[in-house]
Amino acid sequence: MFYVILFLLNPGKIYFSLQIALHIFIQITPVIISVIILMGILNYILKPKTVIKHLGEESGVKGWLLAISFGILSHGSIYVWYPLLKELHEHGMRTGLLAAFLYNRAVKIPLLPLMIFYFGIPFVALLTFYTTVASVVEGKILELIEHMFVGREEEKIV
Amino acid sequence: MNKEEVDGRAKRFANAFYRAFKSFLSALQVITGVVLLLGLFKTFVTPGIITSIFTGEPFRDTLVGSMLGSILTGNPITSYIIGGELLDDGVSLFAVTAFIMSWVTVGITQLPAEALFLGKRFAFARNALSFVLAIVVAVATVLTLGAIT
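Those protein sequences? They're chains A and B, same order as listed. Okay, so the first sequence: first residue is 2 according to our numbering, each after it adds one. Okay, so the second sequence: first residue is 232 according to our numbering, each after it adds one.
Quick caveat, the hints were computed from the structure, so don't treat them as lab data. Since we're looking at a predicted model, the values are computed, not measured. Incorrect hints may appear among the rest.
[As the list claims (entries may be wrong)] Pairs of lysine to aspartate or glutamate residues, derived as EDC-like cross-links and limited to a Cα-Cα distance of at most 20 Å, are as follows:
| no. | chain 1 | residue 1 | chain 2 | residue 2 |
| --- | --- | --- | --- | --- |
| 1 | B | K253 | A | E91 |
| 2 | A | K54 | A | E91 |
| 3 | B | K351 | A | E88 |
| 4 | B | K253 | A | E88 |
Next comes chain A alone, as it looks inside the complex (with noise of 0.2 Å):
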């Protein structure tokens, strides 16, 4: 629809628009390709069991580090990964761990010395740090704000 109305204002830059939408498409394709290979494959080892025990309810510290370590080492537009984490939450992925995920993905590795070169190494290893504290704290509220919900569903049940 903005499409539409912006193509009869500017047609110029509408064209311009989807030749910059175009090239995230062809950016994102491998992405694209390589979640749907990761999650067929989870799909056929993972049982939800298993998503219980490394990332339920009872994963404890593991669990943490697993998300974190998960988030750091993703690639890609964060949009291509919501089918799969959907999938792993209704398998019993605890929402904490969902939201630490998805905050660390603010680490990039490959893209640290590229920080490093605009801010340094004191200021990137200090960020670097913080996010993944905050992304346990953010976790953490999550996982509040969810049991507060419930608790108020589960009494007026009652």
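Given chain A, work out where chain B should sit, using these hints.
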């Protein structure tokens, strides 16, 4: 392993990939919407427009940095380059840090897609918290940096 077991596994494997492909196909419509929106953003919001929004007042600029980073999106490299330009223009490190943090952790453009897949409550709460935490992380990083250097 007998032939039946092998056939069963192959069938399960094919089924797992079919389900993954089908699930992704339904997500493709949302992803296309996000990508088209990104195309518009990149065309109409230039680095010059971004730099002109900052005023030089650190507290206000930190808030503006976090807000801008939340609205804008794209490759983190772009945020580093814009961040570097902003620093050269005299914008405070608090504001630039909040900007690059919210650029990756908050996604207004992706919010509808996130809400669709992970739930409205989760998506809104996560993005709101990430907005606040971008400011907290920026303040903590710059203050610690000031203390150790």
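Hints and how they fare:
no.: 1; hint: B:K253 with A:E91; result: holds, 16 Å
no.: 2; hint: A:K54 with A:E91; result: holds, 14 Å
no.: 3; hint: B:K351 with A:E88; result: holds, 16 Å
no.: 4; hint: B:K253 with A:E88; result: holds, 13 Å
In the structure shown, no violation is registered for any of the earlier numbered hints.
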